[in-house]
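Protein chains: 2
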Amino acid sequence: MTVFYVICFDVHDAKRLRKVSNEMENFGVRVQRSVFECHLESGQLQELKRRLDKLMNPTEDQVRYYNLCGKDKLHIVIDGSGRVSADPDYNLL
Amino acid sequence: MTVFYVICFDVHDAKRLRKVSNEMENFGVRVQRSVFECHLESGQLQELKRRLDKLMNPTEDQVRYYNLCGKDKLHIVIDGSGRVSADPDYNLL
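As you go down the protein sequences, you meet chains Y and Z in turn.
Each residue of the first sequence is one higher than the one before, starting from 1 at the first, in the numbering used here.
Each residue of the second sequence is one higher than the one before, starting from 1 at the first, in the numbering used here.
Because the hints were derived from the structure by calculation, they are not lab data.
Backbone N, C-alpha and C define an ideal beta-carbon position, used for all residues, glycine too.
Errors might be hidden in some of the hints.
[Stated by the list, open to error] Label-pair restraints from in silico Cβ distances:
1. Y:ASP79 with Z:ARG30: 16 to 24 Å
2. Z:ALA14 with Y:VAL77: 36 to 44 Å
3. Z:ARG30 with Y:PRO58: 13 to 21 Å
4. Y:ARG18 with Z:LYS49: 27 to 35 Å
5. Y:GLU60 with Z:VAL29: 36 to 44 Å
6. Z:MET1 with Y:SER42: 27 to 35 Å
7. Y:HIS75 with Z:ASN26: 21 to 29 Å
8. Z:ARG51 with Y:ARG33: 38 to 46 Å
9. Z:ARG50 with Y:HIS75: 33 to 41 Å
10. Y:GLU23 with Z:LYS54: 14 to 22 Å
11. Y:ARG16 with Z:LYS54: 15 to 23 Å
12. Z:MET1 with Y:SER81: 16 to 24 Å
[What the hints assert, rightly or not] Here are some chain Z residues pointing at chain Y (derived, C-beta under 10 Å):
13. LYS15
14. VAL29
15. ARG33
16. HIS39
17. LEU40
18. TYR66
19. VAL84
[Stated by the list, open to error] Some residues of chain Y that are not near chain Z, with every Cβ distance over 10 Å (derived):
20. ARG18
21. SER21
22. VAL29
23. LEU52
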């Protein structure tokens with residue numbers, strides 16, 4: 001079962017930022033420059049964290065993982081362009 | 001009663017970004033460059049949206065409002081420096 005995560009990062013170095021962004025794209029959908037929406041199983045989340053921990057500088061950079069329940073996901077509001085990313089499992093149907 | 005919101009924005013102009021950031025600081029705590037955590041009552045959320053709508057360019061910029069229930073808030077994970085911002089109501093006690 002997947003859980004919906006909003007993952008936001010502040011990375012204070014261009015090279016590290018590029019690496020973190022590239023890694024994030026393996027796990028979810030970029031919705032803003034430093035925000036991804038991901039549908040992750042528990043093991044995928046742990047793997048993502050493990051990979052990001054290796055790329056980041058813990059004293060300068062930060063990643064925040066917000067998990068949203070189904071009800072909270074329904075209430076996401078977007079002003080401007082864009083929409084909530086779909087669970088890729090559903091896209092396959 | 002306040003609701004906990006994670007508010008993320010992509011603003012593609014330095015002047016507008018400064019104005020949006022300044023406005024956001026009236027409503028919550030900056031936790032990353034483009035991410036604020038806010039405890040807002042319904043009327044405050046509407047007022048914030050109204051003000052941001054006036055500052056943003058809707059074709060270039062975007063704001064995402066994620067509301068988190070109490071349970072989801074408990075499960076926020078932060079890698080690197082920083083912590084979850086407290087509800088200011090509690091700070092007053």
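Results of checking the hints against the structure:
no.	hint	in the structure
1	Y:ASP79 with Z:ARG30: 16 to 24 Å	holds, 19 Å
2	Z:ALA14 with Y:VAL77: 36 to 44 Å	violated, 25 Å
3	Z:ARG30 with Y:PRO58: 13 to 21 Å	holds, 20 Å
4	Y:ARG18 with Z:LYS49: 27 to 35 Å	holds, 33 Å
5	Y:GLU60 with Z:VAL29: 36 to 44 Å	violated, 20 Å
6	Z:MET1 with Y:SER42: 27 to 35 Å	holds, 32 Å
7	Y:HIS75 with Z:ASN26: 21 to 29 Å	holds, 23 Å
8	Z:ARG51 with Y:ARG33: 38 to 46 Å	violated, 22 Å
9	Z:ARG50 with Y:HIS75: 33 to 41 Å	violated, 18 Å
10	Y:GLU23 with Z:LYS54: 14 to 22 Å	violated, 37 Å
11	Y:ARG16 with Z:LYS54: 15 to 23 Å	violated, 35 Å
12	Z:MET1 with Y:SER81: 16 to 24 Å	violated, 31 Å
13	LYS15	violated, 17 Å
14	VAL29	violated, 12 Å
15	ARG33	holds, 6 Å
16	HIS39	violated, 15 Å
17	LEU40	violated, 12 Å
18	TYR66	holds, 6 Å
19	VAL84	holds, 9 Å
20	ARG18	holds, 16 Å
21	SER21	holds, 14 Å
22	VAL29	holds, 12 Å
23	LEU52	violated, 7 Å
Violated hints, in rising order: 2, 5, 8, 9, 10, 11, 12, 13, 14, 16, 17, 23; the structure is consistent with all others.
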